[in-house]
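Chain by chain, the residues run as shown.
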Amino acid sequence: MTRATALLALVFAEWRHHPWRTAAAVTAIVLGVALGHAVHVINASALDEFDAAVRAVNGTPDLELRAAAGTFDEALYGRVALDPLVAAASPVLEVETAALDANGARVPLSVVGVDALVLAAIAPALVPQPARGEDRLALLDPHAIFLNAQAERRLDPRARGGSLRLLGSEGAWRIAGHVNAPGPALAVMDIAGVQAAFSRAGQLSRIDLRLVPGADRDAFLRRLALPAGVRVAEPGEATERVDAMSRAYRVNLSVLALVALFTGAFLVYAVLALSVAQRQPQLALLGVLGLAARERLALVIAESALLGVLGSALGLALGTALAALALRELGGDLGGGAFAGIAPALHVEPVGAVVYALLGIGAAVLGGAWPARAAARLAPAQALKGLGADAAPRPPPWVAPLLLALALALAFVPAIDDLPLAAYPAVACLLLGGIAALPVAIEAVLGRLPASRHAPTLVALERVRHAPQLATVTVAGIVASLALSIALMVMVGSFRTSMLRWLDVVLPADLYVRAAGAGGRDAPALPPALIERIAALPGVARVEALRVANVEIDPARPPVAVIARPLDDPSARLPLLAAPLPLPAGETAAYASEAFADLYGARPGTHVELPLPGGERVRLFVRATWRDYARQHGALAIDRRDWERLAHDASASDLALWLAPGAGTGIVRAELRAAARAQGLDAAALEIAEPAAIRATSLRIFDRSFAVTVWLEAIAIGIGLFGIGASLSAQVLARRKEFGLLAHLGFTCAQVRGVVVAESALAAAVGAALGVLLGLAVSVVLVKVVNPQSFHWTMDLAVPWPSLAALVGAVLASAAATGWAAARGAAGRSTVLAVKEDW
Amino acid sequence: MALLEVEALAKRYGDVTVFERVSLALERGEFVAILGESGVGKSTLLNCVAALDRWDAGRIRLDGTDLGGLDERAQAHLRRTELGFVFQAFHVLPHLTVAQNVALPLLLQDRPDAARVQDVLAAVGLGSLAERLPRTLSGGQLQRVAIARAVVHRPPLILADEPTGNLDPRTAERVLALLREQVRSESAACLLATHSRAAAAQADRVVTLTPGGIVEGGA
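If you read the protein sequences in the order shown, they are chains A and B.
Per the working numbering, residue 125 is the first one in the first sequence, and the count goes up by one each step.
Per the working numbering, residue 43 is the first one in the second sequence, and the count goes up by one each step.
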């Protein structure tokens, strides 16, 4: 047996002797790694699936010619297709619409109009596959439609008798086969059919180009001289956009998942600190026999690393299984919305797995660092006499203030690459600094209490008061997990409150109407005659028309929404963050959402260039910034009259209706549908919503987005409570002689258990108070730094005091209950006999 | 009636008999040493007398009370009011001051008495160390704290289990003398378990515990 194996044998003997304690530490690492890895795998699988779907739909062109806003004239196609450097040119018209499923619910559907004769060279996955019995030329039939697997699953062609109606268009289409494109629900039609159905005659969304081998791409583009309103796009742009769109949400969710690992590190610390304390005589003997301080440190570090390796291996396996289950049950979207509607296959990448394994090992080693230091520092001779140094030495007094100061400094660092990369370490420093200050906090709070005359209380209070570092070991995990849970609770509560207030401002009307299929890239216009009819309805007192157009300002970013609406009193119409600046003479006003202001630098007092449909660009003066939780990529509000003047567009896509006194919404809804039918439109062509329904839908989406957060909070709290139980149980074992003495002195079993419960309750109370303070501090970082830097929106801080109090109460009660369970071993017969020393 | 009456006591752990047919009587104020080799069951006998361990045969009466019929709470009450303990390994609570350690038996009976605590500490020579924590005291000082704690509540019976086992001979002699002096001054009886003849010499009477029972006199 070598020296190393002999020392490791001691470690394994310790594990066998305390299997539950070891299992607790390993389990904490397992859970932390599993959650982090699962979230990572789900997001990566979803992104891969999305990328594959986009590549299948978009094909593999060398270039794409796209409209900067809306569509462009198909005349460009003729010129491009005949260019000698172009090997293949595929015209595409994309329309976002919806169809009704068997239950009458809307199913979003992307309709892609293609020329099947040229499509195969560029996007073979999009080539329509006629069904058995169909003419093979059906793919050229403008009345035929071909669905992908997701669309077939949601719309069930057989139940529909083989035909499909699309909202925003007239007539029905024959379902003639399928396409092999993966991803969300999609339909392919002949391009002429789409142009006719959606009144886009002579219009295209893009042209996909394959150049001849060896063609000079730049020379080609220079010669092409694209008209205004058409730009060159790289084929991978769509995936990059979704990647950018979802990156902040994915990063935040991954960091959140690491909360469990962070809490797990504290559990490892608690377990190893007590293990080292119990093994002091053993370590002291090894020291006397020649094991140097650095070697004792290395031994404990090696032990924690082994715990990490074991926990990480099991955690990766569990995380992969969780990811597979989640992908099967939830699809690829964990609440951010970017991957809704796709069903990705599990894709585990080795690099990600290695990273999370290393994080798990790192967390374990971090948890073992301080106990390892204690093992190195003990004086062997003194320890053998039982006069060893404090089992859990206090950190130097400068550690806590330094960490807290570092947290404050990091909180003021701006976003790095559009992510709050400095804010996360700020949160970690806050938590670590708070826990380092826990002994001081215990002394400060409990030091004020007078010595008790109640014997069990005296014993418990004095122990916690004079050995605060041991109390720190017990409650460090609960402080961290409670602080993080409170921070998330406050952040989610603040967001919800702010969103509800925002909805109050942006939904002042009684009913909202828009064309079905709106919400995608294009917002269909409502027929002017229909708007007139609606305004004349007896139940309608007032109508406001809005136009929402999606405009591409930066090709690397998703389009922004331009909202043209009456803005005679912008402070009343928009949730402005501050009073609008005076409008300089000759300027046209615009109001930038927070996201727009952040992403495009459009602060109040600056100018923004807006591309208009038709190609020209207009310069607008930004008067104010407004809060918008609906459009993460930015929105620009402009007075409707200015839009009409600049864009020559008087159409409306949305209507806000104020009802006449006494008019019921049910009757007005019926009148609206009748008005649509009178105009020859399908009644389902209108989407009608009441503010209460919009509010309920918004809250449902919001709650789903944060459902994962709630689960992660609960797991972190669970790990923290587990930590209390594990460390208390270990302490009970270590203090058997002390408890035996209490029994000899006449403490009843209940009183001995009461001492343990009182100690855990006292430590937990101080820990909970500190956890609340830390949690509120972390919530300020989340609300004021992480959210704005991640999602470009702000919110008002709102502390849900009743929920917070309930959470703290539940944690304290659980800590006391955990203490009671751990104390069962404190009053048994074996503790009575433990006082005996047989020489 | 004797203060302590042990009649034909037997203790077994499974098939192993620790002792049997142990009979012993202790009068008030009497200092009796129980001699015996290590492992013969001296501590077990003391634990039985303290109702901390169960026995398999026989009877124990303390001040007229049959210990066999007491429930756990009554046993705890008995230890609180009728007994004082001194251990080989001192066993003072590390996070209580010297005064708080000594006061514990009084606090358990809801009879705080700071003056009594101070008197007892002075009597054992630790009056100036009342506010010190145990880790700053020597072994001899710690054992004096234990003695003070054992007598502070004036129990009729002190049980001392190898009280000098961790002390050097000179300190051991002083501690034993102190124990004897305190026992006498408080009019308590004392049952001292020891394997040291020198320690046993301090007692009024010496008995020897053997597996087969008690033998009067040193073995």
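Quick caveat, the hints were computed from the structure, so don't treat them as lab data.
All residues carry an ideal CB built from backbone N, CA and C; glycine is no exception.
Treat the hints with care, since some could be wrong.
Stated by the list, open to error - Residues of chain A placed beyond 10 angstroms of chain B at every Cβ, according to the derived structure:
#, residue
1, Ala-343
2, Trp-522
3, Val-537
4, His-578
5, Glu-586
6, Gln-875
Stated by the list, open to error - Label-pair distances were calculated between CB atoms; the ranges are:
#, chain 1, residue 1, chain 2, residue 2, range
7, B, Arg-158, A, Glu-567, 29 to 37 angstroms
8, A, Pro-549, B, Asp-95, 28 to 36 angstroms
9, A, Ala-429, B, Thr-107, 53 to 61 angstroms
10, B, Glu-79, A, Ala-137, 27 to 35 angstroms
Hint-by-hint comparison with the structure:
At roughly 85 angstroms, the least C-beta separation between A/Ala-343 and chain B is larger than 10 angstroms, which holds for a residue marked as non-interface. For A/Trp-522, the non-interface assignment is confirmed: its Cβ lies about 26 angstroms from the closest Cβ of chain B, beyond the 10 angstroms cut-off. With a cut of 10 angstroms on Cβ distances, A/Val-537 stays outside the contact zone with chain B, its closest approach being about 44 angstroms. At the 10 angstroms boundary, the C-beta of A/His-578 falls inside the reach of chain B, the nearest C-beta of that chain being 7 angstroms off.
Taking the minimum C-beta to C-beta distance to chain B, about 5 angstroms, the non-interface status of A/Glu-586 is violated against the 10 angstroms cut. Distance check on A/Gln-875: its Cβ comes as close as 8 angstroms (rounded) to a Cβ of chain B, failing to clear the 10 angstroms threshold; non-interface status is violated. Take B/Arg-158 and A/Glu-567: their Cβ atoms lie about 30 angstroms apart, and the range 29 to 37 angstroms holds. Restraint check, A/Pro-549 to B/Asp-95: a C-beta distance of roughly 57 angstroms breaks the suggested window 28 to 36 angstroms.
For A/Ala-429 and B/Thr-107, the hinted distance range of 53 to 61 angstroms is satisfied, since their beta carbons lie about 59 angstroms from each other. Roughly 32 angstroms separates the CB atoms of B/Glu-79 and A/Ala-137, a value that falls within the hinted 27 to 35 angstroms.
In this structure, the hints that do not hold are numbers 4, 5, 6 and 8, in rising order.
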